[in-house]
Each structure stands twice: as C-alpha cells, then as structure tokens.
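Asker: Chains as they are written, first to last, in our numbering: chain E, 240 to 500; chain X, 56 to 409.
Since the hints were made in silico from the structure, they are not lab data. As the structure is a prediction and not an experimental result, all values here were calculated from the model. Note that CB positions come from ideal geometry on N, CA and C, so glycine has one too. Warning: the hint list may mix true and false statements.
No farther apart than 20 Å at their CA atoms in a straight line, the calculated lysine to aspartate or glutamate pairs in the EDC-like style are these [to be verified]:
(1) X/K65 / E/E380
(2) E/K373 / X/D71
(3) E/K392 / X/D71
(4) E/K320 / X/D270
(5) X/K69 / E/D383
To give an idea of the interface, some chain X residues facing chain E are shown, with a C-beta separation under 8 Å as derived from the structure [what the hints assert, rightly or not]:
(6) Y68
(7) Q72
(8) I250
(9) N253
(10) L254
(11) N258
(12) R261
(13) S262
(14) M264
(15) V271
(16) I275
(17) R279
Not close to chain X: a few residues of chain E, all C-beta gaps over 10 Å, as computed [stated by the list, open to error]:
(18) R243
(19) N267
(20) S269
(21) S289
(22) I381
(23) Q388
(24) T417
(25) A426
(26) D435
(27) L441
(28) F447
(29) H456
(30) D463
(31) D483
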Amino acid sequence: MIARDIGEVILKVEEISLAFGGVQALSNISFDVREHEVRAIIGPNGAGKSSMLNVINGVYHPQKGSVTFKGEKRTQMDPHKVASQGVARTFQNIALFKGMSVLDNLMTGRTLMMKANLFQQAFYWGAAQREEIKHRERVEEIIDFLEIQSIRKTPVGRLPYGLQKRVELGRALAAEPTLLLLDEPMAGMNVEEKQDMCRFVLDVNEEFGTTIVLIEHDMGVVMDISDRVVVLDYGKKIGDGSPDEVRNNQAVIDAYLGVAH
Amino acid sequence: MFYRENGQYKTSYKADQALFPIVQDRIFIGLVMVIAFIVIPVFASEYLFRAIFIPFLILALAAIGLNLLVGYCGQISLGTGAFMMVGAYAAYNLAIRIPELNLLVVFLLAGFVTTIVGMAFGIPSLRIKGLYLAVATLAAQFFMDWLFSRVKWFTNESSSGAVSVPELQLFGFLWNSPVQKYFLVLCIVALFALIARNLVRSNIGRSWMATRDMDVAAEIIGIRPMYAKLSAFAVSSFFVGVAGALWGFVHLGSWEPAAFDVNRSFTLIFMVIIGGLGSILGSFLGAAFIIFLPIVLNQIPAFFGIPISTATAAHLESMIFGALIIFFLIVEPHGLARLWAIAKEKLRLWPFPH
Chain E
240 MIARDIGEVI
250 LKVEEISLAF
260 GGVQALSNIS
270 FDVREHEVRA
280 IIGPNGAGKS
290 SMLNVINGVY
300 HPQKGSVTFK
310 GEKRTQMDPH
320 KVASQGVART
330 FQNIALFKGM
340 SVLDNLMTGR
350 TLMMKANLFQ
360 QAFYWGAAQR
370 EEIKHRERVE
380 EIIDFLEIQS
390 IRKTPVGRLP
400 YGLQKRVELG
410 RALAAEPTLL
420 LLDEPMAGMN
430 VEEKQDMCRF
440 VLDVNEEFGT
450 TIVLIEHDMG
460 VVMDISDRVV
470 VLDYGKKIGD
480 GSPDEVRNNQ
490 AVIDAYLGVA
500 H
Chain X
56 MFYRENGQYK
66 TSYKADQALF
76 PIVQDRIFIG
86 LVMVIAFIVI
96 PVFASEYLFR
106 AIFIPFLILA
116 LAAIGLNLLV
126 GYCGQISLGT
136 GAFMMVGAYA
146 AYNLAIRIPE
156 LNLLVVFLLA
166 GFVTTIVGMA
176 FGIPSLRIKG
186 LYLAVATLAA
196 QFFMDWLFSR
206 VKWFTNESSS
216 GAVSVPELQL
226 FGFLWNSPVQ
236 KYFLVLCIVA
246 LFALIARNLV
256 RSNIGRSWMA
266 TRDMDVAAEI
276 IGIRPMYAKL
286 SAFAVSSFFV
296 GVAGALWGFV
306 HLGSWEPAAF
316 DVNRSFTLIF
326 MVIIGGLGSI
336 LGSFLGAAFI
346 IFLPIVLNQI
356 PAFFGIPIST
366 ATAAHLESMI
376 FGALIIFFLI
386 VEPHGLARLW
396 AIAKEKLRLW
406 PFPH
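All chains, full assembly: derive it from the sequences and hints.
Answerer: Okay, structure coming up:
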C-alpha cells in the first residue's frame, strides 16, 4: 500500500449512547478517525454499525455523547448541516434517486455548491447556466473516474445492482467530501465487482485524500484496505486497532465465532 | 429511423444540456408552435376558442403547476381548486381596487398572493407525507370555499361570493374577441411552460426530484427538506394562482366560489396522473385528454347520424370516458407522456426490424 500522510484526528466520537425505546443500540462508544485514513467498522449483524454512521451523519440524535468533526463539537445537528461540513455517505440499501438519470444523481451531489437563485434558474440564464456547465465538467471527471460513461443518461432504476452501488459512490464523491462514510459498499457483489469497488475506494483515498469510514462484512476486504478497525458487538466497542491487532483480539474472535459455554 | 440522435455530435456541455438536444425534438416543438400560433388562429371557429382551446390552455397551466408539486416533488395536493380560487379572487380584488394596474401585473401579483397561501398550506408537508398530506391539503379547499362565500370584503360585498370582471383591457386595447384572448393565454402558458421546464432541469428541480425519490438521502447530500418542499409548494401555487386568475378573467368573466370546488381539484389531479407524473408535456396531454375527449365523444353520435336522445348521449359519454381513463391507466400507468416516450423509442428503428 502506498504510504499516505495520516494526519491529525479529524473525527472524534465520544461516549455515544443511543437507544430506541428499550433497545440500546449503542452504549458508550468512543473512537477517533484520523485525516486521510481508511477506518473500518465491523461487527456481527445488529451490532450497531449503521446506527453509528447515522449518528455521525446527524440522522440519529444520540441521548448521550458528542461528535467532534474538524474541531467542531456537536451533540445534535441536522443531516444537511453535516453535509455542508463536508461529510458524504452511501447507504447499505441503495438510496439513489431512482427516477433520475445517473448524471442528475451526480449533479444532485453538488447541490451545496450551486448558488444561482430561483429566477436565474427559471430562465436558465446567467449564473444558472454557467453553474450547470461548470459542475457538469466536474461531474464528468467523476464519471470518468468510476468508468460509468456509457450509462450517464440512463435512469438509475434500470441499472444492475453493482452499477447502482458505483453510482451511489459517485454521488457521494460529487460533493467533494473530506469525510466519506461507506455503508457496506461491497455487499452483494461478486469477486470482480468487489475488486473494482476496492480499487475505487483506495483510489479515492489516495488521489483525493478523502478520509474514509467504512462498514464491511467481507473480512478479507477489511483487513486489506483499512488502516485501523473498530469492532462493535451488541452496541458495545469490543476492539479497536490495526487489522492485525483486531484479528488476534480474543473478544473479537469470540464475537464472530461464538464462545463455548 | 425517424427519431434518432445518431450523427448529432455535441462538442460542448452547453449543447448537450440544451433544452431540446435532439434535432427532431426541435422540429416537433417548432411545428407545435406554428400550429398553435398560426394554424389554429387562422382556421378555428369562435366556438372552438371559447369551448376548447382557451380552457385547455389555462387548465394545462394549472396542471403544470400541480405536476411540479405532485410529479416532481412527490407532495400530493388536493387543494388545487382552492389555490385557483385564491388566484382568481386575488386578481379580482387587485383589479377593482387598483384599476390603473396593468392586467399582466395583476395576474402576476395574484400568482404571488397564491404563492404565500400555498406555502402556508404546504407547511404540514414538513411533517406528514402521502395520503395524509393529501387530506391536509383538502383543508385548503374547504377553508377557501368558506372564506370567499362568507367574508364579504374579498368579494366586494356581493352576495354568495359571485363576482364579475370588466372586459379585458391591456396596453390600452380591448381584448374581447376569442382570438385575442387565445393569444393572450397562449403567450402566458408558453412562457410558463418554458419556465417550468427550466426549473426542473436546474438545481431546484433536482432537489425536488431527490426529495420525491428518497428524502433521507436527499437530506444527507445537503438538500434542506424544508426548502425543497416549500419551494415546490411556492412555485406550484404561483402557476396555479396565475391559472386561476386567467380562468376567472379570460375564460369565465364572472364566477362564484363553486367554480373552483373540489371537483376542479380532482380534475386537475386526474389530468396530471393521466398525462404523466413528472412530465411537462404530460400536463398538456392530460389536460387535452380530459377536455377534448368528452367533446369528441359528444359529437360522435351526431356525426354518424345515430338517433339517440341528448340524455342518453350524455350518459354514454360519461361511461365511455370513465372506461377510457381505466383503459389508459392499465395500458400505461405512467401516463400519456410515457406512451409518447415509448413511441419515440420505437421510432428509432421503425419501420426496420433491426
């Protein structure tokens, strides 16, 4: 792996507790993410991984604890504000805009950078037109990067699963995030598709310097591409460290393989 | 064979993002414009203008407005009739209270008044979705019915809310012949259709569609749900308000609140669904379907000289009309606009097999 300059802590999660009614989804979770690193969150089903991403994203508001991103500490924040700080995200179950073309989905990712007002847009005039073209150029670069040129005008609802996952990554990249959250980007893919996706994730990390937090079930992938790994089980953190440390952690092995009683 | 983009190379994003990037589409729209602006005024009779073309254009405008809200932003509204009513009465009040105002300004201001009312009734959309929102917007219908039949100030002290407007005067001319009215409405509708088309291919249109397709993901990408939904209500109400003002001033001339009852709302929803949700062209097709078809059906027995009573003809008309609606929705649930798109797709190859 190419050596990158892993920087300072960019995201810090402190003592997060989240409950839905009587179900304790997360209890007292703390970890940090450094700039430019690939940080994986793993754990068995129902461990609270996706809930953790939703907390970072602002979709869920934890009862206790705080999230510090780029030095700014918060307990509650709306998702669109989090987005404006430079956090983008993909979903476990693809959450693309199905009625729109690939191009429009990616252009939507640039919505925060669009400044033309309603009247300029109504007449497609001046700033509105210049902006559309300027952002189209950037979006085309992402289309080239993800090798999806041939489907740019296809409605995403018609695309196969693997390509939809790729488009979703593209939409997140279009926002030019500093922190990219990937929720099972390789779920349900065959080996080749997984290899492609790994390549894209690593390229994003290296070329754009994007910090990546990723949830993944494929241990081979996780151990290969991540710098550090957090392990959750039943909403608790049971392991944290480099892939090798985590691999040899007894609590982690027990959680995955079960313990003899 | 007849509709294909092969060989039409684009060398800039500007060309690729043009309103009608394909030559055949430009020709088609040019033909439609020629027919609308030249052929129809030359050949159509006064009855056709009064009974068909003027109401068709105005309701198409309202349908575009509703389509922006329902088809593009996914927020169901059953209050369209009420918003048309607001537009009509707002224009009436402006016109009689400030007589020196240009009529076009009156229509635009009526649109802005409706925008404010529409946004107020759109606030529930921030918390509720789908059918529940539909019921909440129905409240607008009942409230406006009450407001304009009970509060005398809005109707200039007339009983039961019936009002009538003086003849249309614009730029010092009297616009009272059907052809003149038709031109007035046609210009306004063409301009508004262009605006609608521009909006839906711009950032705001994408944020509406994103909210419609997957609201959580839209918010995570940075779209403020409040802004997206309320702007859709605002723009939609503006269109509907202007349509309401035109309906009152140009088509009816005198009206009462019952002219904009809940049936009007339903008719517009049907136009949007039959025409095609999320399509500007569909709004026109849907309006055409709902307006032309009953009239055509009505003429058929007389045309073939079949001796049936007018009452029977009217009943048959309703039955066949209902059956046709069901037929079209089964054949193509996505509306006439989708049928049109499929036809264009077929024309790429037709008449050759490959």
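Asker: List, from low to high, the hint numbers that the structure doesn't satisfy.
Answerer: Going through the list in order, the structure violates no hint and respects every one.
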